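Counting along the sequence shown from 1, when you hit position 278 you're at 1548 in the numbering used here, and nothing is skipped either side.
No lab work stands behind these hints, which were simulated from the structure alone.
For clarity, every value in this text was computed on a predicted model and none was experimentally measured.
Please note that the accuracy of each hint is not assured.
Said to hold, decoys possible - Here are the simulated distance ranges between beta carbons: (1) Asp1476 x Pro1321: 33 to 41 Å; (2) Lys1352 x Asp1527: 39 to 47 Å; (3) Gln1455 x Ala1334: 22 to 30 Å; (4) Pro1488 x Asp1350: 21 to 29 Å; (5) Ala1519 x Trp1487: 36 to 44 Å.
Note that CB positions come from ideal geometry on N, CA and C, so glycine has one too.
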Amino acid sequence: MREIAEWGHPHPVIGTGMGKRGLMAGIGICLLMGLVAAVSAPLQSFDLLVPKDSGGIRIASGIAYGGGPRRKLDIYAPSDRKADAKLPIVIFFYGGSWASGTRTGYSFVGRALAAQGFLVVIPDYRIGPENVYPDFVTDGADAVRWVIAHGGNYGGAAERIVLSGHSAGAYIAAMLAVDGRWLGQSRRAVRGFVGIAGPYDFAPFDVPASKAAFGRWPDAAETQPVTWAGAGDPPTLLLIGDKDETVRAYNSKALADRLRSANVPVEIWRYAGIGHVGMVTAFARPLRFRASVLEDSARFIRTVADTD
């Protein structure tokens, strides 16, 4: 089930009928969910095992958008795309507490979104403990600028970009969306932001991950998306799970309140029974029944990118 975070309009997304084939599928799903429960980001093992969308394919891998081994990206596109297509571009930043993760562990996300009709870019970025704030945001900004400059060569519409991310990746996408210092005039290409289980208002830093990534910065407020959110920011979709004990829902509420006070369009959807990792694994084909994260993201992206 999902519902508006202001506690309205819940609706179910799956039925309960199960025959023999359904039972076998259910066993497979249980095994996948067990794998999800057993691993933390990066989701490399999950990505290797989970069935992918045939409607999305990887068309480029390991493209450098800057110097160093962590400044590379992969690109996904619809398998039936036309040669002259100019598709909306989704740039997805994965999570991992700013200390782990790899783009190759999220091909299930890239292919799922590409199958919806988008050009999808998944960048790596520098992580801890060697790298701390603002390194990963700087890398995110460089990746976006690379996409604006080169995305058209891969069938993308560089003026129609939606930033998205999960967890720590949602933080990076949020900072690029609301803090104009990072992208400058390039931010005009950003049509929307989709934040999935993201931290946007988490100072003071009271857990090891945030202390390690942000604790050296002298002004904690300067690192927070809620500090910068305001008029002129892109339309925003915030997705949260009501069983998320890693990133609390108040992060999304605080960002939504700040944006709404500046008349920025905001949607918040809350999914029943979904935890932190479950919010991103719901992109995977066998687990979409748990939360309509892909469906809701795709609808929003089409709306803000002016596509059918």
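Taking each numbered hint in turn, which are not upheld by the structure, reported in ascending numerical order? Numbers 4 and 5, in rising order.
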